[in-house]
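Student: Protein sequence lines correspond, in order, to chains A and B.
When the first sequence is numbered by the working numbering, its final residue is 437 and no position is left out of the sequence of numbers.
When the second sequence is numbered by the working numbering, its final residue is 923 and no position is left out of the sequence of numbers.
FYI, nobody ran anything at the bench for these hints, they're computed from the structure.
Where hints are given, some of them may not hold.
From the derived model, a few chain B residues whose C-beta atoms are all more than 12 Å from chain A [to be verified]:
1. 467
2. 539
3. 550
4. 606
5. 658
6. 692
7. 796
8. 805
List time: in silico EDC-like cross-link candidates among lysine to aspartate or glutamate, alpha-carbon distance up to 16 Å [said to hold, decoys possible]:
9. 507/B / 796/B
10. 223/A / 237/A
11. 359/A / 253/A
12. 719/B / 234/A
13. 746/B / 345/A
14. 578/B / 553/B
Quick look at which bits of chain B chain A covers, simulated, 3 or more residues with Cβ under 8 Å [said to hold, decoys possible]:
15. 482-494
16. 515-522
17. 709-722
18. 749-757
19. 844-853
20. 884-897
Since this is a predicted model, take the numbers as computed values, not measurements.
Glycine included, C-beta positions come from ideal geometry on N, C-alpha and C.
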Amino acid sequence: MLSGLATNESIAVDVAIIGGGPAGLSACIELAGKSPDSRIALFESEEELGGVPRTCHLFFGMRDLRRIYTGEGYARKLNDLIRKTPAEIHNQATVLSIATGEKGDRHSLHVASPEGLKIYETRFIVLATGCCESSLGQRLIPSARPAGIFTTWQLQQIVNIHHLKPGNRALVIGSEDAALSTVMTLKRAGISIAGIVEEDGDVQTYPLMARGLSGLYGFPIYKETSVRSISGMDRVEGVELVVQGKERGFHVECDTVILSGRFRPISQLIDHTPMTKDPSSDGPVVDMNLMTSVPNIFSAGNVLRGGDMHDLCALEGRIVAQSILRRMTSSESKEDGWVSLRVQDPIRYVVPQKIVPSKAKSPGFPSLFPCVAIQVAHTLKNAALEAWSGDRKIWESSYRRMIANHRIPIPVERFNWRGIDLEEGVELRVKTSQPIG
Amino acid sequence: MGNSQIVDHYDIVVVGAGIVGSMIARELSKYEGRIALIEKESSPGWGVSKGSLSMVHAPDFCPPGTLKGKLCLNAPERFKKLSQELEVAYKEVDELWLALDPSQVPAIEDAKTRGEGHGGTGFQIIGGDKVRELEPHVNPKVVAALYIRGLGVVHPPEWAFALTENAVQNGVRCHFNTEVQNIQRGNESGYLVQTSKGSLKTRWIVNAAGLFADEIASMVGDRGIEFNLTKGTMAIFNKSVSHLVRHMVYGTFSKRHSQAITPTVHGNLLLGLGYFTIPEHKTDYKVEPAGLQDMIKMGKELIPCLSEKDIVATFGGIRSENNLVPNGDFYLAPSNHSPGVIHAVIGQPGLTAAPAVADLVIDLLSKEGFPLRAKGNFESKRKSWPIFSGATLEAKDRLIRSDPRYGRMVCRCEQVTEGEIVEAIRRGADTLDGIKHLTRAGMGCCQGGFCGIPVLNLLARQLSTGHRQVTKKGRGSYPIRGVTSC
Chain A
1 MLSGLATNES IAVDVAIIGG GPAGLSACIE LAGKSPDSRI ALFESEEELG GVPRTCHLFF
61 GMRDLRRIYT GEGYARKLND LIRKTPAEIH NQATVLSIAT GEKGDRHSLH VASPEGLKIY
121 ETRFIVLATG CCESSLGQRL IPSARPAGIF TTWQLQQIVN IHHLKPGNRA LVIGSEDAAL
181 STVMTLKRAG ISIAGIVEED GDVQTYPLMA RGLSGLYGFP IYKETSVRSI SGMDRVEGVE
241 LVVQGKERGF HVECDTVILS GRFRPISQLI DHTPMTKDPS SDGPVVDMNL MTSVPNIFSA
301 GNVLRGGDMH DLCALEGRIV AQSILRRMTS SESKEDGWVS LRVQDPIRYV VPQKIVPSKA
361 KSPGFPSLFP CVAIQVAHTL KNAALEAWSG DRKIWESSYR RMIANHRIPI PVERFNWRGI
421 DLEEGVELRV KTSQPIG
Chain B
438 MGNSQIVDHY DIVVVGAGIV GSMIARELSK YEGRIALIEK ESSPGWGVSK GSLSMVHAPD
498 FCPPGTLKGK LCLNAPERFK KLSQELEVAY KEVDELWLAL DPSQVPAIED AKTRGEGHGG
558 TGFQIIGGDK VRELEPHVNP KVVAALYIRG LGVVHPPEWA FALTENAVQN GVRCHFNTEV
618 QNIQRGNESG YLVQTSKGSL KTRWIVNAAG LFADEIASMV GDRGIEFNLT KGTMAIFNKS
678 VSHLVRHMVY GTFSKRHSQA ITPTVHGNLL LGLGYFTIPE HKTDYKVEPA GLQDMIKMGK
738 ELIPCLSEKD IVATFGGIRS ENNLVPNGDF YLAPSNHSPG VIHAVIGQPG LTAAPAVADL
798 VIDLLSKEGF PLRAKGNFES KRKSWPIFSG ATLEAKDRLI RSDPRYGRMV CRCEQVTEGE
858 IVEAIRRGAD TLDGIKHLTR AGMGCCQGGF CGIPVLNLLA RQLSTGHRQV TKKGRGSYPI
918 RGVTSC
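Only chain A is shown next, with the shape it has when bound in the complex (with noise of 0.2 Å):
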């Protein structure tokens, strides 16, 4: 297969991390600062390291670097942080496919560049590629596609990067947490905000800071609403909406649509190996390791769930490293007695999938750090989350307030696992479903 390729062997490193954003970074800079010795090589497909955070505001850097930065000095810093390291940092380097050794212990990489296509053989992988906003295709939001419907980050890039306007009237479509940084960008460019349009009862982020934009900066929240359709031929002309129960829409006039959130993991690179893949999640089934179900692939970052917060993935960046440095030091650790987890409707998955009960216990603030963790498609009040082991319960627990889209920390280490059947599994469900309202 090398044969004719101009490097005609391939390249020996010890880690290949696919991915340059906060993930795949945390994990370069600390296995490189750990572990010096080791070939390290990180793959980024754009010209730039930093991944999403480059194009967008404040509040980044508290969990992992302790301190607040924008977007673009976090990402700024993360590069500095690398750039001291020996880790060979290879940007506009695409991994087109991953092959898995055999034997679970030399994988290869095919990776393209300007330079040309060179194939890596690696003992480790960090697969850390990040998620992406669903499009209005996956939303099934009906419509001619005319000009002027865009995404989040699409609108971000727009703005931040190129300071261009992409029109004089937006309607954002969802209320995410993303939302919030999509009207603050809307603004800073000088483009009017027709509103935010939910679907649920209640917004899908912080609902104080939602209301205080939505009164300092005046658009109303549609909540309760879905949206029939977007007008237009060529560039947008507005969006047809319909509180829900009711037959009759109205009309939001508008030439700019942004479509906020729904973060899906970008993992079409496990398709083609026997890395196993959640369809929940639709990324890699990881354990408590993050080791993907193929030894020595780790995974960390947005691509293990979609969207959470950039400085959790810089963490479990760090947990992956330090997973890698374990198995390069000790020969293989058998652990016996995992125990799969799975959810049903509306959890919309739970990460990681993989857990040996005895060794999970959750950090001192589960919140702020990773740890086994869901999110909900839809805002729930006074609901119950239950964990079932065939028909046993083996625990509840009651929460006021579940935010769609918010990561919820679940304590494992309450569950009753005594007798617990290990094939069975368990799975994750929501009790009283009462939607917000």
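Position chain B relative to chain A; hints supplied.
Tutor: Just chain B now, with coordinates in the frame of chain A:
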């Protein structure tokens, strides 16, 4: 814009660069003559051609005695040959027309009889077990199916582009973004075709204007053509579920609905069309919410494990039937009033029939006096540009070393490189959708979430215009409206 100054003289003007017009122009370019192809959109194959299931069918669902049934015969062979000549993708796919309960069996038996009546061969009725073996994820209730081997799928805008490129190689002049506004009878034998970009003088006219063929016909005095329009809905699925369907799988269909799912030429799944609705106008490609839900439900009836979660894009498509001939047949005939004008008024399945339609149109032109003098130097081959994602590792490496732009990934989902996009722009793609349809940048699971803005940047750079001049699909479809103050 529309001035009356004559900018060019032609022998033949083909109006409409859909798959049929492009095919006609390419086939005509085998003969001596000055030929022009006029299209109001900014790229070929963007009207009805784009919004279809993109299948090369057998004649099994054309009513008996129709011309279109005859024109569908041997279409796969024609497409295969063209695919090699034009280096444009064609994928062989077999068809399974399902009977999900015994009451549906007569329908597939009728289809077999119809297909054979048109002269088709190789139609087979197979039992449920065999169907489940061929298509493991099919609805287990299936009792029988009509099995037809050796059909195919294509991406029509890619084909229309390749056909027009080859036509241009052979001397045809293509005018895009050019709308025909009026046609006047000249003094001598001939016509003055007035367009939004000036006037063309020509002796013969081929009306291949698709849904607008009625308007072109009335410009030459044939006022009788009317269309019955219906609209269907289609959805593209993420490649991660492509293993679920191997065949073109049909369910029931009638004048009011159709139910089909097929692999696409680029390896996705394409589901359509649901219940037809009446479009508001000829360019109403808007997807209807109810239509979308119906279509998904119908898709799940064929392949139960399909999930709307895996849909990456939806779009609408318009079908037309003319009122001049019964059974939704094609109207391929010289004008009643204007000598030298050929109407190529087609409908479903226009894509399949396109090569045979071109033959017939050329035959009609010759009867109208156009001399068929074969060119000695006709070049049947068109070179595509290298497709990075489809190349072997060695070829990828060679490509990058010959041009480093092939090493810069623009669309990660479909692995489309800057090299391909720059080449598509050089060859005439000048809109975001144009790039998408010719290179697949933005057709993957994130639907341009990542590459949308980089492609916009490349267009602005390569066309040496500002970002504000770039359009999504021509006309007023500007994604950028101004500059920020920040």
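Student: Of the hints given before, which are not true for this structure?
Tutor: 10, 11, 14, 15 and 16
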